[in-house]
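Enquirer: Starting from the given sequences, assemble the full structure and let the hints guide the process.
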Amino acid sequence: MTDPEPHVIVFDEGIPGFPDVRRFVLTDIVPDGIFQVLQCLDDPAVSLIVAVPWLFFPDYAPELTDLDQAGLELERAEDAVVFCSVTIDPEQQTATMNLLGPFVVNVRTLKGRQIVLTDSDHPLRAPLPLAVV
Amino acid sequence: MLVLTRKAGESIVIGNDVVITVLEIRGGQIRIGIDAPREVAVHRAEIYRQVMEANRAAVRSDRDSPILRTTAGSLERLRRQAESRRGEPEES
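For the protein sequence lines, the chains are U and D, in the order given. Here my numbering is used: the first residue of the first sequence is 1, the next is one more, and so on. Here my numbering is used: the first residue of the second sequence is 1001, the next is one more, and so on.
Think of the hints as simulated: they come from the structure by calculation, not from any bench. In this text, a Cβ means the ideal position worked out from N, Cα and C, and glycines have one as well. Hints are not guaranteed to be accurate.
Unchecked claim - Calculated Cβ distances over 12 Å to all of chain D for the following chain U residues:
{"hint": "1", "residue": "V25"}
{"hint": "2", "residue": "L41"}
{"hint": "3", "residue": "D59"}
{"hint": "4", "residue": "A61"}
{"hint": "5", "residue": "E63"}
{"hint": "6", "residue": "R76"}
{"hint": "7", "residue": "A77"}
{"hint": "8", "residue": "A80"}
{"hint": "9", "residue": "V81"}
{"hint": "10", "residue": "V107"}
{"hint": "11", "residue": "L110"}
{"hint": "12", "residue": "K111"}
{"hint": "13", "residue": "R113"}
{"hint": "14", "residue": "I115"}
{"hint": "15", "residue": "S120"}
{"hint": "16", "residue": "R125"}
Stated by the list, open to error - With beta-carbon atoms standing in for the labels, derived distance ranges:
{"hint": "17", "chain 1": "U", "residue 1": "P6", "chain 2": "D", "residue 2": "R1079", "range": "26 to 34 Å"}
{"hint": "18", "chain 1": "U", "residue 1": "V52", "chain 2": "D", "residue 2": "I1014", "range": "16 to 24 Å"}
{"hint": "19", "chain 1": "D", "residue 1": "M1001", "chain 2": "U", "residue 2": "L55", "range": "38 to 46 Å"}
Expert: Below you can see the structure in the form of structure tokens.
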């Protein structure tokens, strides 16, 4: 086999705000970088910067409902990969992370969902302790 | 929009398997019970809307920000700098 095709993650419900998009790929921004881009294949305009939340918030513990687990066909916790979207404020050059709506992907089936943690008090805009480096 | 008037204890059936019941009306608040199949997601509208808006803002984010070139190594350096600014961590 030559270069493997990037894994296509299917969000079969779309994501909030973009209900009609389904297929995404995850690509690195820089080698060994901590930020990736979740790029939509169905609509090139839809791409989100994401990162693994535990790099910044080691105690973060989003809870999946049975419904979410069933939708992701998730049988084992270790099959779940979690990442959260990052928003950059262009003026302040600061970044925040959305901990209220994490993305969860089943690495075995490549099914993904954005989980809305309705009954939690996770912040929508958690500041990332990052200065311009 | 269909508008119905209901009293406490009365319900509305949507489709074949969603039942919404007004449980209690007190002051300015109404407690609502929802019976729906497992595959139907139920969200508080304002929370769902917040995530929707956050996604739109995230899509508009600047791809060229130097912040996004942070590597695991540079993050570790930042952490150490922040720690040394806070003074020596106490060893117990």
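Enquirer: Hint by hint, note whether the structure agrees.
Expert: Evaluated hints:
Annotated as non-interface, U/V25 keeps its C-beta farther than 12 Å from every C-beta of chain D; the closest such distance is 15 Å. With a least CB separation of 15 Å from chain D, U/L41 remains clear of the 12 Å interface cut-off, as annotated. The Cβ of U/D59 lies farther than 12 Å from every Cβ of chain D, with a closest approach of about 16 Å, so its non-interface assignment holds. For U/A61, the requirement that its beta carbon stay farther than 12 Å from each beta carbon of chain D is met, with the minimum near 18 Å.
With a closest Cβ-Cβ approach of about 15 Å to chain D, U/E63 is found to remain outside the 12 Å limit, as its non-interface label requires. For U/R76, the shortest C-beta to C-beta distance to chain D comes to about 20 Å, beyond the 12 Å cut-off, and the non-interface label holds. The Cβ of U/A77 sits about 20 Å from the closest Cβ of chain D, beyond the 12 Å cut-off, so the non-interface label holds. For U/A80, the non-interface assignment is confirmed: its Cβ lies about 18 Å from the closest Cβ of chain D, beyond the 12 Å cut-off.
A cut-off of 12 Å between C-beta atoms confirms that U/V81 is not in contact with chain D; the least separation is 17 Å. Distance check on U/V107: its Cβ is at least 20 Å (rounded) from any Cβ of chain D, clearing the 12 Å threshold; non-interface status holds. Every beta carbon of chain D lies more than 12 Å from that of U/L110, the smallest distance being close to 20 Å; the non-interface claim holds. No beta-carbon of chain D is positioned within 12 Å of the beta-carbon of U/K111; the least distance is around 14 Å.
The Cβ of U/R113 does not lie farther than 12 Å from every Cβ of chain D; its closest approach is about 10 Å, which violates its non-interface assignment. A cut-off of 12 Å between C-beta atoms contradicts the statement that U/I115 is not in contact with chain D; the least separation is 9 Å. With a minimum CB-CB distance of about 9 Å to chain D, U/S120 fails to clear the 12 Å threshold, and the non-interface call is violated. With a closest Cβ-Cβ approach of about 7 Å to chain D, U/R125 is found to fall inside the 12 Å limit, against its non-interface label.
Between U/P6 and D/R1079 the beta carbon distance is about 31 Å. The supplied range of 26 to 34 Å therefore holds. Roughly 39 Å separates the CB atoms of U/V52 and D/I1014, a value that falls outside the hinted 16 to 24 Å. Distance hint for D/M1001 and U/L55: a CB-CB separation of about 44 Å, consistent with the stated range 38 to 46 Å.
Against the hints set out earlier in the document, violations occur for numbers 13, 14, 15, 16, 18.
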